[in-house]
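Same order as they appear, the protein sequences are chains A and B.
My numbering applies: residue 1 is where the first sequence begins, and numbers increase by one.
My numbering applies: residue 532 is where the second sequence begins, and numbers increase by one.
Hints are computed from structural coordinates only; laboratory data are not their basis.
There's no promise every hint is true.
As the list claims (entries may be wrong) - Derived lysine-lysine pairs resembling DSSO-like cross-links, with alpha carbons at most 30 angstroms apart:
1) A:K425 with B:K834
2) A:K373 with A:K225
3) B:K834 with A:K373
4) A:K373 with B:K622
What the hints assert, rightly or not - Okay, the calculated beta carbon distance ranges per label pair:
5) A:L383 with B:A830: 52 to 62 angstroms
6) B:L609 with A:M367: 35 to 45 angstroms
7) B:N750 with A:R134: 41 to 51 angstroms
8) A:R131 with B:G631: 35 to 45 angstroms
9) A:R131 with B:A804: 53 to 63 angstroms
10) B:Q796 with A:R131: 30 to 40 angstroms
11) A:P389 with B:A830: 40 to 50 angstroms
12) B:P690 with A:Y80: 57 to 67 angstroms
13) B:P690 with A:H384: 53 to 63 angstroms
All C-beta atoms in this analysis are idealised placements derived from N, C-alpha and C, irrespective of residue type, glycine included.
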Amino acid sequence: MPTLTTASSPAPGLTPAPASAIARRVAIQRVAMRGIVKRFPGVLANAGVDFDVNAGEVHALLGENGAGKSTLMRQLYGLYPPDAGEILIDGQPHTFHSPADAIRAGIGMIHQHFMLVPTLTVAENVALGLRSSREPQMDLKVVAARLNTLAEAYGLKVDPGAYIWQLAVGEQQRVEILKALYRGASLIILDEPTAVLTPQEVDGLFATLRRMAGEGHALIFISHKLHEVLAISQRVTVLRDGHVVGERAAGSVGRQELAQLMVGREVKALPAQAVQTGGVRLALEGVRAQGDRGTEGLRGVSLAIHAGEVLGLAGVSGNGQRELAECLAGLRRVSAGRVLLGGRDVTHASPRERLLAGQAYIPEERMRDGAIKNFSVLENLFLHDHAAPNYARWGVLNTNAMRARAAALVQRFNVKTPGLETPLKNLSGGNIQKLILARELSRQPRVLIAAQPTRGVDIGATEYIHQQLLAQRAAGTAILLISEDLDEILALSDRIAVIYEGAIMAVLPRGQATPAALGLLMAGVHGHEAG
Amino acid sequence: MAELFTLPVLLGIAFSGIRLATPYLYAALGETFAQRSGVLNLGVDGIMLMGAFSAFFVALNTGSLWLGLAAAAVVGLLMGLLMALVSITFKAEQGISGIGLYMFGLGLSSLLFRTTVGTVKTISGFQPVKLPLLGDLPILGDIFFRHSLLVYGAFLAVPLAWFILERTTWGLKIRAVGQQPAAADSLGVNVTAVRYACTGLGGVLAGIAGASLSIALTNLFQENLTSGQGFIAVALVYFGGWRPLGVLGGALLFSFVNAFQLWMQVLVPEMEADIAVMLPYLLTIAALAVAVNRTRQPAALAKPFERGEA
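Assemble the whole structure, with the sequences as input and the hints as a guide.
Following this line, the structure appears as structure tokens:
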């Protein structure tokens, strides 16, 4: 069990407390992974990977989803053992049987999906699994005091007594970092840490990371966002299909080269297209709805989306995006206001009525709301249309017609699947999303609600999905694109609305929407340029 | 009917209410530990039956009530660990494996009873201990402070359970493991060990709950002695919002209804006894339908943990 030294005399005034004295127990100089091989049934996730990181450095691990980044790091954190290869800490081989071993060796990990217990307080989450100074009782006051000292030293303000469920995503991430620092981690792995942050929060995180590197921590930064990798790291290692395909100094490599290494071919920029918008297809007038926590999730949202336009909805996760999408899909009750689809009032219409009125929906939680994981590819393609006259007569399915149609869709939408009978759960995230896209877009919708359409999807599939969305726009579909990925919003949208605490802060034309302006609005700050 | 509401009868109901809460309390507090760690053990009634039989059998043959109690605790522990093995290690569906454990306990206790004891016999169980001073209080002394040690123990277990869950490092692990096992695992907490310990502790307490019936309250053993009290105990955990104090409130409510119906059978003989006996069970259904606050339910309840499936 780690024994932690308290900061007996925190430095006063402007100089931050000597954080190393508070938190660092194991001073790692260099961690090296040699020839790491990891197989999962049917997949070679790591095919002999070499990777190393030194104290005081940020080493980025770049790669598409499924390239093997998380798998590699999970082995370093003791979550599962490598099939072959070794882990060397300062030259000494180590074998980790569980995260407890890795923590003892001075390794911490900030997981992409935070490993926090929402019903416990910040201090309880930090203290979990550690010995207390007065066993068997907890010593939360001591924990809170040490936590405040650490928070002070690294600029990670957070209230030790707050419950995790009360915290915003950015604050939860601070708790995760504090958890690792509190345990004396010398090497910290950050798995996609910026995915859920506003641009300003990313700046804050980077400041913290630089401070930690300056203190002599070794940091591994996992990402697929090129500009962030170049901004924060000194070295970049690119993984593709389980292999290291390149290692570069961040100062001497460009975005284009990294993107090419990552994808294995040239990445095309999206063609800019002229905007040709038509009349209003989807209108929201003062829409209100309950949120999941019993508070009001939507507080009077008004928006109009025109034919042939992509309206991007930007915002930090949990500000009403989910509620809005569900209201529009007919899955959540609208408590006040109206929704007009092609001029028709559909405020309280069922999902099926909206479908028939020409609305398509790509849900945020694709495995929960978009598809049935134990159904086959074929069945998932026919979740809407199984009763249409072409495919069923007197309730009996015409499987030949269905197969022909499904085969055509799988080919047209580039879904990589062993067969039409393959259970959906065996497909990758990107291919599942393409399948949902195939089902929804082949209906030639007049209105498309796309919620987080590329979350957790690899670059290749993302590129493809973006092209398809733009093709729909060109065909005159009105598209509401809800995304927490600001790059995606900026790349695709004609106008950008920002949602904050269930209300629209502003709607900006693409030309006026800079990341900085959007970031302020996403944080709930009205800038004068937002007018 | 009027004779139900005389002072001696009301005193009697109150006294019995406190007394009869004993098995509910032990069993439901034990189940609280199991459920807070994420294990739904529906086999509590079967463990109680085995505990009741073991305590009775050992006490009958050795003459030692304490040995009987220890036997019940050990048998309860073993059955709890059996549940843990099946549901944690083998990841069986907990709703089903719990029912299996119940049937196993019901069958085995009946079989052992028939082959070793045969007929219903009574023993001299734990005797009431009048607490000094407190026991002499008017009315309150009669109701609260003239019970056997097992009754006092059940009530003392309530604050103890609260303290363990809310104020100790082990309790923190239990709460984390039942809520977000992946988070606990990532901090080096051994999810399996915590769950085994809680399910085992639940078994021990269920065994003692059974013993409290056979060697402190009724002082006899017969087939299906518990008549479903273990299931009520599981329901009480839900009713009490997975908190020891809530469990206490629920246990008292049920034991008072139980005491009331027992007195009603005696004092209102023209009423069908079966109707009175149904009362606690009807109340279970009504209470569960109305009073359960699902938001307090441990998020990982009845979900086996698999590393890497967060």
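Tested hints:
no.: 1; hint: A:K425 with B:K834; verdict: 20 angstroms, holds
no.: 2; hint: A:K373 with A:K225; verdict: 29 angstroms, holds
no.: 3; hint: B:K834 with A:K373; verdict: 19 angstroms, holds
no.: 4; hint: A:K373 with B:K622; verdict: 21 angstroms, holds
no.: 5; hint: A:L383 with B:A830: 52 to 62 angstroms; verdict: 29 angstroms, violated
no.: 6; hint: B:L609 with A:M367: 35 to 45 angstroms; verdict: 41 angstroms, holds
no.: 7; hint: B:N750 with A:R134: 41 to 51 angstroms; verdict: 43 angstroms, holds
no.: 8; hint: A:R131 with B:G631: 35 to 45 angstroms; verdict: 38 angstroms, holds
no.: 9; hint: A:R131 with B:A804: 53 to 63 angstroms; verdict: 57 angstroms, holds
no.: 10; hint: B:Q796 with A:R131: 30 to 40 angstroms; verdict: 55 angstroms, violated
no.: 11; hint: A:P389 with B:A830: 40 to 50 angstroms; verdict: 45 angstroms, holds
no.: 12; hint: B:P690 with A:Y80: 57 to 67 angstroms; verdict: 42 angstroms, violated
no.: 13; hint: B:P690 with A:H384: 53 to 63 angstroms; verdict: 57 angstroms, holds
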